[in-house]
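Asks: One letter stands for each residue in the lines below.
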Amino acid sequence: MYTLTPPKFDYKRASSVEEACKLLAATDGTKVIAGGQSLLVAMRLRLASPAVLVDIGHISGLGNISEEGMGLNIGATCTHSKLARSKEVMERFPILCEAAARVGDEQVRNRGTIGGSISHADPAGNYAPVLTALNAKIALVSASNRRTIAASNFFEGPYTTVLNGDELVEKVILEKKPSSGTREGHSFMKFSTMPQEFATVNVASIVAIKDGKFEEVTVALGALLPKPRIMAELGESLMGKAASAENIRQASQELHLGSEIISDYKASAQYRTHIAKVLVARSLLTAVNRATGAE
Amino acid sequence: MNRSINIKINGKSYSDVVEDRLLLVNYIRDVAGLTGTHMGCDTGHCGACTIVMNGEAVKSCLILAVQAEGASVETVEGMASETGLHPLQVSFRKNFAVQCGFCTAGILMSALALLRNNPEPNSEDISKALTGNICRCEGYPNIVKAIEEASLVMKAAKDLGREPRGKENEKEG
Chain F
1 MYTLTPPKFD YKRASSVEEA CKLLAATDGT KVIAGGQSLL VAMRLRLASP AVLVDIGHIS
61 GLGNISEEGM GLNIGATCTH SKLARSKEVM ERFPILCEAA ARVGDEQVRN RGTIGGSISH
121 ADPAGNYAPV LTALNAKIAL VSASNRRTIA ASNFFEGPYT TVLNGDELVE KVILEKKPSS
181 GTREGHSFMK FSTMPQEFAT VNVASIVAIK DGKFEEVTVA LGALLPKPRI MAELGESLMG
241 KAASAENIRQ ASQELHLGSE IISDYKASAQ YRTHIAKVLV ARSLLTAVNR ATGAE
Chain X
1 MNRSINIKIN GKSYSDVVED RLLLVNYIRD VAGLTGTHMG CDTGHCGACT IVMNGEAVKS
61 CLILAVQAEG ASVETVEGMA SETGLHPLQV SFRKNFAVQC GFCTAGILMS ALALLRNNPE
121 PNSEDISKAL TGNICRCEGY PNIVKAIEEA SLVMKAAKDL GREPRGKENE KEG
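Chains as they are written, first to last, in the working numbering: chain F, 1 to 295; chain X, 1 to 173.
The set of hints was computed from the structure by calculation and includes no laboratory data.
Here the structure is a predicted model, which means the values were calculated and not measured.
There may be inaccurate statements among the hints.
What follows is a list of derived Cβ distance ranges for each label pair [claimed, not checked]:
#1 58/F to 158/X: 33 to 41 angstroms
#2 16/X to 27/F: 39 to 47 angstroms
#3 119/X to 162/F: 41 to 49 angstroms
#4 270/F to 137/X: 31 to 39 angstroms
#5 156/X to 270/F: 52 to 60 angstroms
#6 162/F to 122/X: 23 to 31 angstroms
#7 70/F to 54/X: 26 to 34 angstroms
#8 162/X to 292/F: 46 to 54 angstroms
Idealized CB from N, CA, C, for every residue including glycine.
Given these sequences and hints, build the entire structure.
Replies: Take a look at the structure:
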């Protein structure tokens, strides 16, 4: 039977992060593999042909979810399935569970990892807008250096991040602000041609409501522009206003999305703009309803 | 490069020297000789190659054989036992949940993993679990019905403390 076999490479299995870093530093053209749900497809289609693959999928503890103060650290090889079902994440950052549950299909979620997804940086990936909206930090490590970078600075464009060739994502760091007597709500929504496909547009909305008014509004859009973007003007326009469906609808219609909107086989820029406005309104309304207990 | 791997498939241990780039689906089909697992789209979309690895449904065309070192794999060949077909297989036959049959092995493996995690799924749970399995004959309604019915048979057998298999069970179909 004819099969698309990946081009030849040398496979190295790392047993620790330190060993993985050493292997990455040793040879040019080395790629990290964990779940391999994007990388193996790219290799089979000859879109990538790394000389060496360093497998971090068997490093013990690298996929753990651990508490740090009120926040959480999520290890790079935590699978989408594990993330979607995690009680700790559901309690503190439920929007991340919602996004993880909408990655690909069951089989892909069982293998694919959060570290792999963000390193691959498909502009239509689910985590980019969510991590940006949550103000998450990403811890990177190499043989000679360690650094932590804000999610908003991590993604540079389609399939491009600040990761150097010898670096790998070690964990995602989520910090939780102490609650200030406001009611918080969130919503992640993905519009795609089929449920398991990458998003045509996706949106992460986080709101805080006090006395029926918006105290905080963060909306991040993905799959629409080369990298995730926080809709700052939208947030400012809603701040202090009544958290009503009418105000949300109006603010969503006035969204300014700029000129870099992706136009491809899935949707023209014009259609994407339309979907974005509808999706932002829906997700904001859901977030408000969750905050006020209407849902 | 080549390396030696040890994989358990349907309870049997396999040890072989394989090329680093060999896909797990090709290992299962061409090296282990278990051709029940199919290769459909070749790009990870169709789910025909679905197997259960360490208890979870995964696509064997998106895993390197060397990544599966030490893993415990289940394929469709491991479903039936000496006492008869698995209740899922019986139910698929009874409900005509097979048309051309190409996707069936993968769908059975997704269903097997689903019923272990959620023994009483509703039709929506089943549809969600099968998102990654494409049936080009579009035979989904009967597939969902068959899985729902199998879950009831398995639950009833469990409640009675019986093994839900056997010739008697097969004759019903």
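Asks: Give a verdict on every hint.
Replies: Hints and how they fare:
1. Checked against the hint of 33 to 41 angstroms, the C-beta distance between residue 58/F and residue 158/X comes to roughly 35 angstroms, which is consistent with it.
2. For the hinted restraint 39 to 47 angstroms between residue 16/X and residue 27/F, the CB-CB distance of approximately 27 angstroms leaves it violated.
3. Between residue 119/X and residue 162/F the Cβ separation comes to about 46 angstroms, which falls inside the hinted range of 41 to 49 angstroms.
4. As the Cβ distance of residue 270/F to residue 137/X is approximately 36 angstroms, the hint placing it in 31 to 39 angstroms holds.
5. In this structure the hint that residue 156/X and residue 270/F lie 52 to 60 angstroms apart at CB holds, the actual value being about 55 angstroms.
6. At about 44 angstroms, the CB distance of residue 162/F to residue 122/X disagrees with the hint of 23 to 31 angstroms.
7. Checked against the hint of 26 to 34 angstroms, the pair residue 70/F and residue 54/X passes, with Cβ atoms roughly 33 angstroms apart.
8. One distance hint, 46 to 54 angstroms for the beta-carbon pair residue 162/X and residue 292/F, holds here, with the actual separation near 51 angstroms.
The structure fails hints 2, 6 (numbered hints given earlier, in ascending order).
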